[in-house]
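Participant: Starting from the structure of chain A, add chain B where the hints point.
From first to last, the protein sequence lines are chains A and B. Residues in the first sequence are numbered from 0 upward in steps of one, following numbering that gives the first Met the number 0. Residues in the second sequence are numbered from 0 upward in steps of one, following numbering that gives the first Met the number 0.
Treat the hints with caution; some may be incorrect.
Since the list can't tell identical chains apart, any single copy or any two copies may satisfy a pair.
[Stated by the list, open to error] Think about it this way: if two alpha-carbon atoms lie no more than 25 Å apart in a straight line, the pair counts; the simulated DSS-like pairs of lysine-lysine are: (1) K138 x K116; (2) K402 x K487; (3) K176 x K499; (4) K423 x K519.
Note that these hints are calculated values from the structure, not bench results.
Number of protein chains: 2
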Amino acid sequence: MRTTLRAVRAVSARRVGSLATAKPALRTAPFLASAAAGFRVEAATALLQSCGRRNYSAAVTKVVRPTAEMYPEIVRDARFGELTAADVEYFKSILPESAILQDDQDLSGYNIDSMRKYNGQSRLVLKPRTTEEVSKIMKHCGERKLAVVPQGGNTGLVGGSVPVFDEIVISLANMNKIRSFDEVSGIIVVDAGCILEATDSFLAEHGYIFPLDLGAKGSCHIGGNVATNAGGLRLLRYGSLHGSVLGVEAVMADGTVVNGLGKLRKDNTGYDIKQLFIGSEGTLGVITGVSVLCPKRSKVVNVAFFGLDSYEKVQQAFVKAKSELGEVLSAFEFMDRESQIQVARFSELRRPLDEQHNFYVLVETSGSNREHDDEKLQNYLEGLMESEIIDDGVVAQDETQLKNIWTWREGIPESLARTGGVYKYDVSIPLEDLYLMVEDCRARLIEKGYEIGTEASNIVSVVGYGHLGDGNLHLNVAVKSYDKAIEKVLEPWVYEWIQKRQGSISAEHGLGFAKRPFLKYSKDQSMINLMKQVKEIYDPNGIMNPYKYI
Amino acid sequence: MRTTLRAVRAVSARRVGSLATAKPALRTAPFLASAAAGFRVEAATALLQSCGRRNYSAAVTKVVRPTAEMYPEIVRDARFGELTAADVEYFKSILPESAILQDDQDLSGYNIDSMRKYNGQSRLVLKPRTTEEVSKIMKHCGERKLAVVPQGGNTGLVGGSVPVFDEIVISLANMNKIRSFDEVSGIIVVDAGCILEATDSFLAEHGYIFPLDLGAKGSCHIGGNVATNAGGLRLLRYGSLHGSVLGVEAVMADGTVVNGLGKLRKDNTGYDIKQLFIGSEGTLGVITGVSVLCPKRSKVVNVAFFGLDSYEKVQQAFVKAKSELGEVLSAFEFMDRESQIQVARFSELRRPLDEQHNFYVLVETSGSNREHDDEKLQNYLEGLMESEIIDDGVVAQDETQLKNIWTWREGIPESLARTGGVYKYDVSIPLEDLYLMVEDCRARLIEKGYEIGTEASNIVSVVGYGHLGDGNLHLNVAVKSYDKAIEKVLEPWVYEWIQKRQGSISAEHGLGFAKRPFLKYSKDQSMINLMKQVKEIYDPNGIMNPYKYI
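In isolation and in its complexed conformation, chain A is listed as follows (with noise of 0.2 Å):
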């Protein structure tokens, strides 16, 4: 028994060792830093979407049509007051000058979403500094029948924080103070417009962690990232929102504050009613505030990028992560070979394998011994190689190359986006067919006559690739220009395959505007109703951030 452990380990020792050289080549500038130079494809939409508004706006010169003029079908609610003079009074009655933004190019920030995919035509922009204020907007909205559009960084990727006709825009970029940190229970209370990174940063100096993590941490809020329950990359280890957040503060469409900041672990006292504002995406009531047990940040954090020749070996190589890292594994990532083709192709960065795979898995431990999360690791990856469920293999050396692959995995939407248009499906499907899922898109666009990634063809690539230890593909069709004939062959198609199989047609990204008309591909009539039922009480006139979601 000790004699074949120690073979193993003096084998794959070698093995790694050899694999260790291929690490030099990964390049230690950041991707998003390197890219904004180096990529070869000058407009940097997407690229620039996790780098503040800043930025944003001065890159932006390309003209996104109206949401209205795009989508004739959706017509203004008539129920629904128009802004007058009086009504700006009142608001400048309440708010100071600043708070208020009314010019066009103010306004266009706020009006056009994250992808330049939808135009809302607002105008007006609120930004109030506290959770009375907002109370104050959404009673005369209220009264008014003023619909609104509550925001946060904006960085939604379905068209749900931005408005679709005249909604007011409420920002909740004036509101970013944290109220308050327990440092014993980890608990964080935060106004929602706080930012996702800035969180993290002030929770990092103290020992914590913010138990979500995204691209778009720059300049998303939290209030939003509670609002969409976001997923990310730290959802395998600590699970979803609906289980970190223990609190919400909101305002209501008539103007009512509902205090929900509870600061408690456990609290079994009626009804979870903040579970209803986690994700709901703006349609129930301003979220103002929300608290948030953090757990301890680990204190060793370890990433290997390896190769897998087929998908089978990738669950397997995952159920083995499961049971042999166990309580330090922290992500686990897979991208098929198109995906790194596309990365490779678009973007400075080296590839952290030389040779082609199939596959390939990003895995990250975290844990608070780095001597055994090391020898967790070390034998997860032998134990891979011995019994050949992986080809090939690198770990990261230090915190430069541990950032470098994480740069390269979070590179493909980026690299994508570079193409001229992505068809992108983020979709939950259970394991066992979720590649499936890729396989089955591209042999349905060729069946329907289509080439992808030839000179002549419109499709440059069909790509998949997720977060795999939470069942979540994203399915991703690049072409060069949208075409509506190839959006036809491919919805509702995706979604009728993803209802066979009880997946959900958005796992992380929201409804928001555009998967608004497909929900009941995931959800049925009965829990739809109750859906229903719960805006209509909750918001009777229908005036939070209409057109969307339900």
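Facilitator: Relative to chain A, chain B alone:
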């Protein structure tokens, strides 16, 4: 540095070694098994709570006065229909004879709660086998406005699972099949009537664990656990059911079956309605099926038990546990001196530690690597001893010792139940003030002229213990016999005390019948209004588990 570390280890190893001599004193027989014969007080009601209905019924002799008689201020809702022979005939047409109980003897186990505090007057128990049968029952009850009480294992602690007047009991006991289990994702789908322990045993065979554990596991149902949002012993590690329950199937008051039995870790398609059922205590619908994300079962479990001289040191030990045990920490239970005196007095078990301390802590780790986990725990305990945070301690050396230490901890409520009566407060309080509640409670009783623990005094003991890792205190005031005057000294004082510190009047037991009047101490009116609106739309005639909750 290295020398110092070695020195620490040498010293601690000796001390841990000397402590280890205390271990043989731990009896090998589990507490529950030995208790039936060995407890010094004969009535073993509370104990039998976790031994299944058969034992329970056989042991019952004490007469429980009807709830309606005890609480004359509660009046039967005149809107409800009265059960007729025609109703019973209808139920006979859809259910087999054996699924319809009408005999007094059969009914009593469903009318009386597990604490033998409440006694309903139901004349009919129905035990459907399928969701469709539940739907037919509810459709009929909805049309006839017949009130119902959904009932799982009837192990609740707030009188929530038994009728008050003539409500029909719908027992889920005959719905006890595991519908599916996915070995890759760890997602299990069960009928609501599956018993927690049986389900966990099934999962153990597949290397997984149910993310919930509690004393009543031998008879409680998973549907009931979800309806109560049960907390228990694993919450610190695996989080609340709001995070781990992925889907709920429920039958509404009008018989509509709501299929929300998702098996996806991520699904952002609309309001997360299932969250409302988690902790709804049967007031919104009958939960008939549940899908749950189960973690991998840890290969290694360690338990340590130690004594400390102040509550400040308990908190320090907790902060260090979070930091040093990190990802393997799975329980952190604290107990005060008084609690240990009571267990020692009423049980045959020997104390885990011979000497008395002011506080005691049970720490559990669960991980995937024996060597790593042992080392982490060893380092942690050495650090606590070196910095003089703990005075004395033992580490379980085998499965039996581990179980015995847990049994000792679980013996607290069981021992207290033998004094005659217990005023139980299951509360959440910010950590720093948690134990102050117990001290203030003692002071108040003394101030009001009561003696505690003397021969003549009715008050036997005021005890504090609980899930410190979750901020959850169990304050128990044990008395020889219930006394309205003592109750008046305690209530609403306890609730007011909690309200001042923004705590919860019910951390994990729920509201049921017992805590309904006190909801306002934990939730403000705006939140209660939102709850009431939900209740009104989903159950407009109020037939679902009336007179309770909200």
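Participant: Now look at each hint and say whether the structure bears it out.
Facilitator: Hint-by-hint comparison with the structure:
{"no.": "1", "hint": "K138 x K116", "verdict": "neither (31 Å within a copy, 47 Å between copies)"}
{"no.": "2", "hint": "K402 x K487", "verdict": "neither (39 Å within a copy, 61 Å between copies)"}
{"no.": "3", "hint": "K176 x K499", "verdict": "between (45 Å within a copy, 24 Å between copies)"}
{"no.": "4", "hint": "K423 x K519", "verdict": "within (19 Å within a copy, 46 Å between copies)"}
The structure does not agree with the numbered hints 1 and 2 stated previously, though it agrees with the rest.
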